[in-house]
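**Student:** Listed below, chain by chain, are the residues.
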Amino acid sequence: GAGVSQSPSNKVTEKGKDVELRCDPISGHTALYWYRQSLGQGLEFLIYFQGNSAPDKSGLPSDRFSAERTGGSVSTLTIQRTQQEDSAVYLCASSSQGVNTEAFFGQGTRLTVV
Amino acid sequence: DAKTTQPPSMDCAEGRAANLPCNHSTISGNEYVYWYRQIHSQGPQYIIHGLKNNETNEMASLIITEDRKSSTLILPHATLRDTAVYYCIVRPRERTSYDKVIFGPGTSLSVIP
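In order, the protein sequences belong to chains S and C. For the first sequence, the tail end lands on 157 under my numbering, and the numbers increase by one without skipping. For the second sequence, the tail end lands on 560 under my numbering, and the numbers increase by one without skipping.
Isolated chain C, as found in the complex:
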């Protein structure tokens, strides 16, 4: 039921930028792209979200293609603490009865010293 697809795993050298792709080709006009991450043995943590414009916050940047069918989460300077499973999901703009917030298997990012 997940509306997104992500690579199962990625490696990134410490200090380099980590670019995590996500495909969401069936996204509808009222759906946002959200990114969460889950560090081992912890609950998922919100990172960032966007609709169609690129977004940046203190944790990451989100680049959404013009057709909105894919996006990339960028961690500009990955650290060992960024090793986690990263989930890309789509959610409706407003909380409605359809807001099931389905997570796919995500991308397991390993930051290597």
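One chain only, chain S, in its complex shape:
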């Protein structure tokens, strides 16, 4: 596709359930980022992939959160045993390897834990 695609766009889940959020980056982009944005708040960095590897996982809020990226393309953010405080918009961005390259964001997945 032409841009970063995230699915689903909206997800309502019950507390305690697991959820998977998907990000399709722009084709050829080697860098991929996940952020979380709670209502009325700024962007909270979660994790960054360079290719399939994540050099820094320190932004993940707890061990219930995990992310993987396969084939240097699609990434999945998994939240296990969801809690109400996990409710937020989860944003994905990608950028190419070259210098001075901007990150392009998807429209996000709005997760609501009830």
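For the record, the hints were derived by calculation from the structure and aren't laboratory data. Each hint should be verified, as a subset may be incorrect.
[Unchecked claim] Here are some of the chain S residues that sit facing chain C, going by a computed Cβ distance under 7 Å:
id: 1; residue: LEU86
id: 2; residue: PHE88
id: 3; residue: PHE108
id: 4; residue: GLU145
By construction, the Cβ of each residue, glycine as well, lies at the ideal position given by its N, Cα and C atoms.
Here the structure of chain S is known, so what remains is to put chain C in place on it, guided by the hints.
**Tutor:** Relative to chain S, chain C alone:
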């Protein structure tokens, strides 16, 4: 962890220039200044970036001080559609394992009719 500081909010009259300041006093020599904006309920949108020279594109101008410790994003003729949160960030020149792209709280710009 954000390396930038911005005023939390600003107002601007429609049709006037909006000047959004950003301080990045700890910026290193290989880091660029990037600006993004986020219109309500949308993903952030890239605006412009620069190293040390002033930059201009169809959206905005970026003025970086000579010591590179601060910059100003200029929207020359603000419209109501420019109402958004504007983020100033610093990023390394090359994508490395340190490219966490940390966003601060940004400046909420309100363009007033």
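**Student:** Against this structure, judge whether each hint is valid.
**Tutor:** These are the hints, each one checked on the structure:
Interface restraint check for S/LEU86: the shortest CB-CB distance to chain C comes to about 4 Å, inside 7 Å, so the restraint holds. The interface hint given for S/PHE88 holds, since its Cβ lies 5 Å from the closest Cβ of chain C, which is under the 7 Å cut-off. Hint status for S/PHE108: violated, given a least beta-carbon distance of 16 Å to chain C, over 7 Å. Interface hint at S/GLU145: satisfied, since its Cβ lies 4 Å from the closest Cβ of chain C, which is below the 7 Å cut-off.
Checked against the numbered hints given earlier, the structure breaks only hint 3 and satisfies all the rest.
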